[in-house]
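Using the hints, build the complex out of the two chains.
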Amino acid sequence: MIRYLLRRVGGLLAVMLMVAVIVFVIVRVVPGDPAAVMLGTAATPADIARLRTELGLDRPLAVQFLIYLKQIASLDLGRSLFLNEPVAWALWQRAELTGLLTLLAAGLSVAIGVPVGVVSAVRRGSWLDQAATAVSMFAASVPSFWVGLTLIEIFAVHNPWFPVSGWGGPGAGLAEHLRHLVLPACALGLPNSALIIRFTRTSMLDVLQEDYVRTARAKGVRPAGVVMRHAFRNAMIPVLTVVGLTVATLIGGAIVTETVFGLPGVGNLIVSAVLRRDYPVIQGTLLVISGLYVLINLLVDLLYALADPRVRF
Amino acid sequence: MAALAGADGARAQQPAGKGAIIVATIGEPGPLDPTVVTSDLVSIISQHIFETLYAFDGGWVERPLLAAAMPKVEAGGTEYTIPLRTGVRFHDGAMMVAGDVVASLQRWLALSPRGKQVAPYVASLAAAGEHAVKMSLHKPYAPLLAMLSMSNGAAAIMPAAVAKAAKGPLDSYIGTGPYRFLEHKPDQYIRLQRFTDYVSPPGPASGYAGARHAYIEEVRFVPVPNPTTRVDGMLAGQYHFADSLPAEMLPRLKSKASVVPVIVKPFGFPLFIFNTKMGAMTDVLLRQAAQAALSEADMLKAAFGDASFYEVEGSIYAKGTPFYDEASVTAYNLADPKRAAALLAQAKYAKQPIRIMTSQQYDFLYKMSLVAQQNMQDAGFNVDLQVLDWATLLQHRADPKAWDGLFTYHTFVPEPSLITIMDPSYPCWWNTPEKDAALAAFNSEPDPAKRIGDWRKLQGLFYSQAPAIKVGEFYNLAARAAAVKDYTVTPWPFFWNVRLG
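Chains as they are written, first to last, in numbering that gives the first Met the number 0: chain E, 0 to 312; chain Y, 0 to 500.
These aren't lab readings, by the way, just hints derived from the structure by calculation. Remember, it's a predicted structure, so these values are computed and weren't measured experimentally. One or more hints might be untrue.
To be verified - Cross-link-like lysine to aspartate or glutamate pairs, in silico, DMTMM-like; alpha carbons within 20 Å at most:
no., chain 1, residue 1, chain 2, residue 2
1, Y, Lys166, E, Glu53
2, Y, Lys253, E, Glu152
3, Y, Lys318, Y, Asp56
4, Y, Lys366, Y, Asp305
5, Y, Lys163, E, Glu53
Bound conformation, chain Y alone (with noise of 0.2 Å):
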């Protein structure tokens, strides 16, 4: 699989597209717009029409994808020159030259909510020639190469004039993908096909970096919004890969030669928020004692049942990402009631109702609710736990008035700035001196090797401040066809470089 070709070589290479990749997915995504959008869904099938000029590989690394190199930074961390691919051509047929990434990135700043996060910091953009553009920032901002990497409100390249017309959603599709855009029935498919003019960015395919190669002719997603139906329809040949399906069924997946089970690691954490900025949980005395209550292991475990889905882990990174660390996670799993109790009354807690909310939309979430209420009950709370419709609990959450802890999840990302709760506006309002210096020193850090130092610092407020709690790591149960080769295992499923056998 690997092709070491240049860019201009690498389009010879090129191989014939072979079938249709049958792909069930949890259901209608909308527009595909991946600048605007967030979902992953949007994400998963937007990222095999649109690149970004950096993309993460399998060490959670950025590397070039649209972007011929690494880029050259002066001043102090606050001028990016990035020099772009030659020969890189649109869907529509055009050459990308700097305008179109000047436009796009213009776009992914005015519309993207994670171009909006470093919109603050960009002083200038422009492009340096043909082939390259200049970044301009107020002051280093050390995660800008993650942002332009995620393919989640992505900074995704697209031709001037689509940019430029744009102010919402788009209405078409044109990347530099290794698939383009071919029809959207809403509800019933969308449909790529693989694009004959695509070139390879060079090197060995790694993560969403590196070579890729479309093998397989079409790639079509199916919306299956029923998990049971979209297993049936894998253990009966139906699709060549589902994702998001319930882990009881796995079992049953691994009962058929021609299935694979897939499970992906990492994938996310679920998150006990609380409301530091009014209520009863503003007192950090009482989240500590909440979080001295808690036994994340059996929260765990009522919520997944069977541990290959999930793992006890405090630290926000789960090993063998670069951002792990154990030693700053302080007070995890403690399970101690008598310790809870004596922060209680330290607090002079008067027993008022804390109102935590969770959601039976996802099972997982309401399951650990229940544990964590009776942890915190035995401990002297008095838990007052609302089981809203996701769409209410989402609504209610933007009224500091209206609760004081809720259960939420967080999907994997490769950036820790991109974490919700380190954003001071997030529903968590986690908004303190400590924290702020912590973390604006983290942003305008350029070493990687300091960077980890810097979290290690964030990590260690997490544990002390307690303004969430990190329930621990779980997985993403999805399955393949035998017939799938080179399937890459990642939270964004993608279909380069995959064939059918």
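Next comes chain E alone, as it looks inside the complex (with noise of 0.2 Å):
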């Protein structure tokens, strides 16, 4: 186990660097230039030349590259040129923002998902099955910004029960922010959702036809303890693989959803660094997504261990 761990953690660690290389590359490829975008349409190009040399932009690129690269090895992502602040405290101020926001957005999946995904499968062909596979189908092709501003018209607008965005005024604790979140998450997750009810009821449908299950009921077993005790538990393998890539795709998603809800959190951060080329907070929070999506990917491996006894590392 330990050793298996060793590996996985060698190999995040050398995707991490393809990513630190990729992002610094495809940044300076794309064509804009962070001191004009700084400086506005007025800006002459003599105050812009000043600009970049002042933020080091005037130097080789492999110069560029080896001061970044130490940057990394110190674990100092650098220093927003924008912000004029750090770029991991940017991140930090906004990590709370999106990790509450993938948190309610992920269980928000799961607790759709699940449910309606095993009972789909154990009522197979009924209406039920047939509405769940519709609305699904229906969730899973709607962009969550259409969800997002539907849901804002309707909750926020006409019945003025949430905010329609921000994240609360000064001295708000952590109920006024749960509330401030509430639409973003629906937004967020519920096309999530339709993914995880599609996977449940394949996955359960897969297991409901294996000989155990029959030999299960043979044997008298109740309906409710074949579904739950016997087929659920092995369904959830694949199931558990597609909560831990939706979880990362909700990292991606966050990054609409703010910007709808004008929330701000890392999502809006990058956002808005692309829009001004502030090259230091793109090439940061890129690689702190990626490291997170590696480490989702690393934890989801772990727990198959929990889910099912016979896995072992």
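Listed below in structure tokens is the structure:
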């Protein structure tokens, strides 16, 4: 187990290094000058050249890359060109929101997706199964920004039950923050629950055909016991993989949702950074998100052992 | 609202602050340095904290703000003595004196894009006692007062210690304004609190000038990047004011009694700029051909739709502003492909591609560039329309080999010499002997009436030499809650003198 973990962590570091190189190159291959964006339409070429020198953007790419690698090695993500603060601090300040939003959305996806998927499989072909299939197909095909704007229209504008946007004013506590996250979590979580419904249903249908399920039924185990004790646990292994992938996808989805709901999270930070060509923020944020993605995959693999005792590392 | 109190009397009249006004802005502004940063968003917020020596009144004429009076101008327009108001306090409690003003102006001359335009004219700058400063110029420079009045790239007055220490963007915001900086949580909010020791300038309120009273306890700016969300927030009553809203949302805003749509006039003008330094469009006949081919009316209609949001207007300054002039607008909205074709034939145009840069990031620029492309192709141009993201366009703009024309916009500026294309180094590179002479005459003429005559000559050259095309006037849609009283409509919204009903 420990050897497996060490091997995976080594792989994680290699992936992170590759991500660091790719992000550095992509950010600079894309045209657009941070100095020109920062100074606005009225800036003269002389002003832009001066700011490029101040920001160190006029140095050779190889020099910039070495500085960047040295920073990463000392766990320093650099300093935002626009916000004039360390990237790590900018990320830390926004991590709570994005973390909570992702967790709530993932929780909602699982809370809807797994039970509906199980019921659909058990009642295969019934009106319930058909309704769940239709709704999940619809939810999977609508973009989360559309869901977000529709939820705002219904639950914030016409019925002012939830705030339209933001993260609460000064002194807002956890309850107030959560109130601001209800609509965004729904906008993000509902389309993703569709995927979990589909996977749970398919996985459950496969397991329900297995010999040991038939044997359990033949032994007179009650239907609920067959489903919950024998089928559900085995069906959960592929579903866990999807849930893990969904959580990683949600981090990406948070980018759109946070923009629509004006939430000061990591997604909002990265969108603004791309538009402003704030290189250190783009690099630092992508590096951290990639790290999280790889970590989540690792955690999912470790969870297999809990769901299925036959899995050994 | 008119408060005719003198400087010392005004302090006693400051009302007790009440409530908080929530203002939805287009995004996160970054550091709130009004001197170094020229973005409109920073100007909108920082003008509550920092003040300048002069400010524009409702008719866009300079009036004293931290100055006690208009300057004494001597030695043929090369020596300005500016008297300062007494009893003005900074937010840290210190009194403003001439040393603070000198240090702030020195920082402005060194760091602000506007100050750098003025710096070559300045021979010396020094305190003249505790409450006056003296600026000597190498030669007369008429736009000086306008430059000192701008809230954008502003000659903001701050304590001398802060001004001397800040070599880059400020990290502490201590001004003299009616609101003091309280808290900035990036991407969440910026809180400004009523400054209880604020001393209002005398005279009735007019535009940015005259009496300033902080009736509201807190002004909170909240970044809401999505424009539809800003509209929804207004309709739901979450914000008291929202800026830069999509024009097509006007009917929705009108549908709710608690929301009042605000159309900001003047606001800005789109520009179709030509590269006069390199490439095909260096030929004035080709530029005139483009001028003849375009239907600015169609371009504006395609871009903005609702006629409430634009005006087919060739004068660079709109009606109601001091520099408005129709007589020198000689070639606007011609929509004459035959005349354009004749000019192309005269120029012996060989169908080489004309590379025009535009961006979908500003939808109105993209839409009007499509109409321009069609107009020009109808006249015989071979147009290569390049659709880029805004950051890329800004980068390519600096390279004269990369483009022949580009679409951009200019926000309203009260002083013509601040219009970007007047600067010969701005990507357009309008740099002819006639224009340079006319601009020099305009910049050195101290008499406002004569300056208007000089401006007509410059605008005449703008149309005969066609370095760029002014497409028309466009307006900005904002919205305020009906509860917001006594709001003054301006391009850079402010919330002193505003009450919450």
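Here is what the structure says about each hint:
At roughly 11 Å between alpha-carbon atoms, Lys166(Y) and Glu53(E) fall within 20 Å of each other, so this suggested pair holds. Restraint check for Lys253(Y) and Glu152(E): the C-alpha separation of about 16 Å stays at or below 20 Å, so the hint holds. Between Lys318(Y) and Asp56(Y) the alpha-carbon distance is near 16 Å, which keeps this suggested pair within the 20 Å criterion. Between Lys366(Y) and Asp305(Y) the alpha-carbon distance is near 14 Å, which keeps this suggested pair within the 20 Å criterion.
Of the pairs offered as hints, the one joining Lys163(Y) and Glu53(E) holds, with about 19 Å between alpha carbons and a cut-off of 20 Å not exceeded.
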